[in-house]
Amino acid sequence: MKQQDSFFQKRIKPIIQHKVFTLVCLYIAMVLIFTVWAALRGTSFLKVAIFRNILNSLVVSSFLTMGAGCLLIAGHLDLSQAAIGAFGSMVLASAIKGWGLPWFLGVIIALALCAVFGALNALLVSKLHFPSFIGTLAMASMVKGLMYLFSSLGNNGIASNINFVDKTVTFIGTGAVGGIPVGVIIMLIFFIIYGLIISKSTFGMKVTLMGGSPVAATLAGINANTIMLILFINSAVMGGVAGIFNAARLSQGALNALTTNQFTGLTAAILGGISFGGGVGGMGGAFVGLLILNTFQIGMGIVGVNPFWVNVFSGLLLLIALSFDFLAQQRQKRSLAH
Amino acid sequence: MKKKSALSTFARSKSFPLILILLVMTFITMVISSGVTEGAPFSAMFTDGFLARGNVITVLYSMVIQVIMLCGLGCILISGNIDLSVGGQAALSTLVFAWLCKYTQMPWGVALIITFCVALCFGLINAFLVNKLRFPAFIATIGMSSIYRGLCSVMTKGDNIQIARASFTAIGKTNLFGFLPVSFVFALVVLAIFQFMLSYTRFGRSIFMVGGNQQAARLSGLNPDRVRLVMFLLNSLLACVGGLLWSAQAKLASPTAIIDAAPDMQVISAVILGGIAFTGGAGNLVGGLVGVLLLNMFKNMLIVMGIPTYWTVFASGFVLAVALILDYVSNERRRKALLAASAAADAAEAAGS
Amino acid sequence: MAKTLEFRGIGKSFPGVRALDNVNFKAEGGKVLALLGENGAGKSTLLKILSGDQPASEGEILVDDKVTAFHSPHDAQAAGISVIYQERQLMPSLSVMENLFAGALPKGKLGLVDKNELYAETQKIISEFGLDIDPAEEVGRLSIANQQMVEIMKAYRRDSDIIAYDEPTAPLSEKEIELMFKVIEKQKAAGKAIIYVSHRMNEIFRITDEIVVLKDGRQVTTLQTKETSEAELIKSMVGRDIGDTYSNLRRNTPTDDVILEVRNLSTPKVKNVSFQIHKGEIVGLAGLVGAGRTEVARALFGADPITGGEILIEGKPVRFRSPREAIDAGVALCPEDRKEQGLVMYRSIADNVAMPVVNYLKKGLGFVDRGQAATLAERAVADYAIKTPTIFKLVAELSGGNQQKVILGRWTSEKVKTRLLLLDEPTKGIDVGTKAEIYQKICDLAREGIGVLFISSELTEVINLADRIYVMRGGSISGCLPRAEATEENVLTLAMADETGDAGKRKEGRA
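These protein sequence lines are chains A, B and C, in that order. Residue 222 in the numbering used here sits at position 222 of the first sequence; the count goes up by one each step and never skips. Residue 4 in the numbering used here sits at position 4 of the second sequence; the count goes up by one each step and never skips. Residue 191 in the numbering used here sits at position 191 of the third sequence; the count goes up by one each step and never skips.
No wet-lab data here; the hints were simulated from the structure. Any given hint might turn out to be false.
Computed beta-carbon distance windows for the label pairs [unchecked claim]:
#1 C:E227 x A:N225: 57 to 67 Å
#2 A:I192 x C:K362: 18 to 28 Å
#3 B:A164 x A:I158: 33 to 43 Å
#4 A:T226 x C:T222: 52 to 62 Å
#5 A:V116 x B:I28: 28 to 38 Å
#6 B:N131 x A:N223: 31 to 41 Å
Lysine to any residue pairs mimicking SDA-like chemistry, simulated, CA-CA at most 25 Å apart [said to hold, decoys possible]:
#7 A:K19 x B:L133
#8 C:K363 x A:L196
#9 B:K251 x B:L100
#10 B:K132 x A:S323
#11 B:K336 x C:P92
#12 C:K363 x A:G195
#13 B:K157 x A:Q262
#14 C:K107 x B:L229
#15 C:K109 x B:V189
#16 C:K115 x B:R226
#17 A:K127 x C:E340
To be clear about the criterion: a stretch of chain B counts as covered by chain A if any three or more of its residues have a C-beta under 8 Å from a C-beta of chain A, and this derived list gives those stretches [as the list claims (entries may be wrong)]:
#18 130-136
#19 143-153
#20 316-323
Please read these numbers as outputs of a predicted model, since none were measured by experiment. Beta carbons: idealized from backbone N, C-alpha and C, even for Gly.
Next comes chain A alone, as it looks inside the complex (with noise of 0.2 Å):
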């Protein structure tokens, strides 16, 4: 009997008290009530295609997930990471339809410019101690000015969308191995090194202390400025990826990539349990809180609610994934007050 507890204590109670087991049956919750719902309106939920769909739904955003997560729990924002995808994907397409460059090189060139900017992101923050949500704004219309002009050269100096067309892009943005998306499986191998990184590397260790605590992290030795140079970069760069995958699934760089994405990054983040403030998370939360983000989405489409509402949720759930965080934090003072 004895024995049962210690082990309950040990193995199941960290389990249970862990905020991504709240997410996990959360999201189980939510997967029941669209079932059911579902089921009433005539339709089925629980099908795997629609899982297909929910998990080739995320690629895009997930991208952005990883990117704006880690930088979040160091203890910033970076609100400029869309505009930097889209640019991103913009030079993707005029590099293999403009210049006529192999698909590879396009990808490089495009990645290499957005980690420019995200450098760029860094200096401000760090340098000029802007706050981190307004310098990334500032970043984000100067990006998006740039990419306008971007694409109206060589067109008469009107912007426009630039198709392409490339068999190996199409393949990664929309093809399938044994049935699973390619997207889907680059997505998974993502979130697997990047948890790994967070919370198994002493990179991660450096990260989440500077998150907690920039000032005392520097004084013992991390160095503060390195590490949000390569939060910023890896933010961007990102971005790019997830630009890169829009490109290859529409065969186009568009000018209002990543648009509908922009927040999704920073809700799922926060509603996967990376503390505003900083300091607390992993990718694990985040990756659940896009699946939330998504099979909502998703499922309220399948039940036949006005597609409008969506965007009203998606507020909706930022400020309840913040209350949670709100809660969190509070119980965790109270419980530490002296």
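Got chain A sorted already, so can you dock chains B and C onto it with the hints?
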């Protein structure tokens, strides 16, 4: 009482260099856009191109909504908060107004009052999230703005609503002396009232106090939550008024137009440019007005000088970045001056004792 | 008319913590009541209840024998209570007059703020204090001491009948302390009830009439100042006779090898500072708050940029651009603000100990070697007798003394190889028992050959612990005293007197 002359105060203020920049830019644009360099008479500078009557009116009209929003957002920033949902609030409240005008027979005055009540509810929600739930203001208002944006589309399924009340739309097209839009004058009056409130009333000063050090203000017997509540209410009301003036000009309410133009971001850039510190506790609305002028004229100059319009998208972010850099530089200088002054005072005392 | 304030059976609970338990005292008009206790004894909680910042969990507060309930600072002020806070509660970007009259700006015509009256009223108060401050000056531009005086004037302005001072003298020089005491005498004579919280025994004996001693949230005793002694007070504060802490220490012996030499070090707040530390030596750095001691330590640690001068470690010139470089060269800093700058509060002891050596805890592919990290933390817990059930406890859950031990443990783990330890106020807010443990640990570290720079505002501890003391004033070093010559009087003279005076003669010291 040691009083500095108004002129020297002005010369040392943050707005001063901005106004100089503005004048120089205006002059250059006047010259280039009027074609004087290509042989047009000198007088063309004051009638053609940038200073042409049509162009001036366009610029003034485009500023109305921003000046009105500036009053609320400026105060919010001084009190150390932020509201990123004013665009959404403006759009949604104009839609409510337009809907009431179109689908009910009520006089537009009544519709206006109902719309104001709706706007006050928006402010109440923001204040609740920030005061009661203690959410960071900017993330809470980002969330709200997404909700408002969604509600706008839900309400109209993405379409515009025309406003066909002539007496209302007249507000949007009446000009004084042929070049001064009434709505712009109204915006300036509102700004003057708010600036007066900030400088001379107890409530105005308490906004500065809450922004300067919230805890100190609380311990001095002020109620920061109440100040914030009133601020958010006023801000939402102003967002609504700004939106209504916009739709009086456009004769319609649109679920996307106001949000896409992002007047709130423009205003925040302008306000920082005009010297209201992001951290709160300092600044004034007149500086913000100079910032709004600068921003809009800058954009308009690009247009009249024939520079591709895409540059204007870039320009608004660029100006925000420049504003931030200026803010940073002046804060650094100020911080150093403060350190020096404080250290000098300490040294003087030590020597004196 | 004399007012009274009575606390009757006041208790305050936070979930899991009993901060105050059954506290009873009565402050009477025309008297000064002292609240004495170690940090964490409940003084600040008591003041928070008094100021209306937090409600009491039980018991009642009586003003003039009438039960009164405060729900906000506003209520407390309305009942005639003012609190002068240790952490100055000022609005730096606003003027002195607006700071003084915040919440009660004089109304003129049309309900607007009457700026002329505001100015005149402020000037009147400043004159009464005998200070030279412009009412329209921004508070942020004043000296720290004058800012503190503004905080005191704020309470004076309200003309409250009950005034609480929370350790008001920390940033003040003798001159301002005298001014403040005169104000307190005046308030006392006017029949106001005064509550005075301080650690400084001489102040307590000088101005108070009655002393309430608190320990662990409980009221230990109430004594008449005239009838008690310092020894008795300490004994009741600590709850036991601590004996002579310093004479029981196992001492270090300084060697002749120089570990650190600083030549003409300058930063924006430090001017031409030169000094040496030997291996195995504890060097004290004394001076008033704001004299530049913290800045010296931060500059040595690469945390702040240097504008001039040289730093030599074991004879080799170094110039650190970041704390990382300093740590790699064997320099360690325990910063002044433990909670903000020293620790990541919501992380475990293990993580906080591992912070400077995360890079050395790799096991292939960049993964963290948790086992090794745990070993380091276990050793720190054992070495410093940190009171915790496991190394995975969050540091926020530890007491102040144990938190400080975590920082010390971090810098003395075998992985960092510290040669020079910079301690900035390491015993601030720590109870007497733990203080003694930390003193012994510092001596032990010096015995191992580490050079220690010991910054402290508590004169007794610098004088008794340091082998030599450098005194700073206004950003430069005003003198050096060997232990034999170090008395409170000598140190204070150097910390405050004019350089051309007495102090100049002793300037060379033993360097």
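Hints versus structure:
{"no.": "1", "hint": "C:E227 x A:N225: 57 to 67 Å", "verdict": "60 Å, holds"}
{"no.": "2", "hint": "A:I192 x C:K362: 18 to 28 Å", "verdict": "20 Å, holds"}
{"no.": "3", "hint": "B:A164 x A:I158: 33 to 43 Å", "verdict": "35 Å, holds"}
{"no.": "4", "hint": "A:T226 x C:T222: 52 to 62 Å", "verdict": "57 Å, holds"}
{"no.": "5", "hint": "A:V116 x B:I28: 28 to 38 Å", "verdict": "31 Å, holds"}
{"no.": "6", "hint": "B:N131 x A:N223: 31 to 41 Å", "verdict": "38 Å, holds"}
{"no.": "7", "hint": "A:K19 x B:L133", "verdict": "21 Å, holds"}
{"no.": "8", "hint": "C:K363 x A:L196", "verdict": "14 Å, holds"}
{"no.": "9", "hint": "B:K251 x B:L100", "verdict": "14 Å, holds"}
{"no.": "10", "hint": "B:K132 x A:S323", "verdict": "11 Å, holds"}
{"no.": "11", "hint": "B:K336 x C:P92", "verdict": "14 Å, holds"}
{"no.": "12", "hint": "C:K363 x A:G195", "verdict": "17 Å, holds"}
{"no.": "13", "hint": "B:K157 x A:Q262", "verdict": "22 Å, holds"}
{"no.": "14", "hint": "C:K107 x B:L229", "verdict": "23 Å, holds"}
{"no.": "15", "hint": "C:K109 x B:V189", "verdict": "22 Å, holds"}
{"no.": "16", "hint": "C:K115 x B:R226", "verdict": "24 Å, holds"}
{"no.": "17", "hint": "A:K127 x C:E340", "verdict": "21 Å, holds"}
{"no.": "18", "hint": "130-136", "verdict": "holds (count 4)"}
{"no.": "19", "hint": "143-153", "verdict": "holds (count 10)"}
{"no.": "20", "hint": "316-323", "verdict": "holds (count 5)"}
In summary, this structure violates none of the numbered hints.
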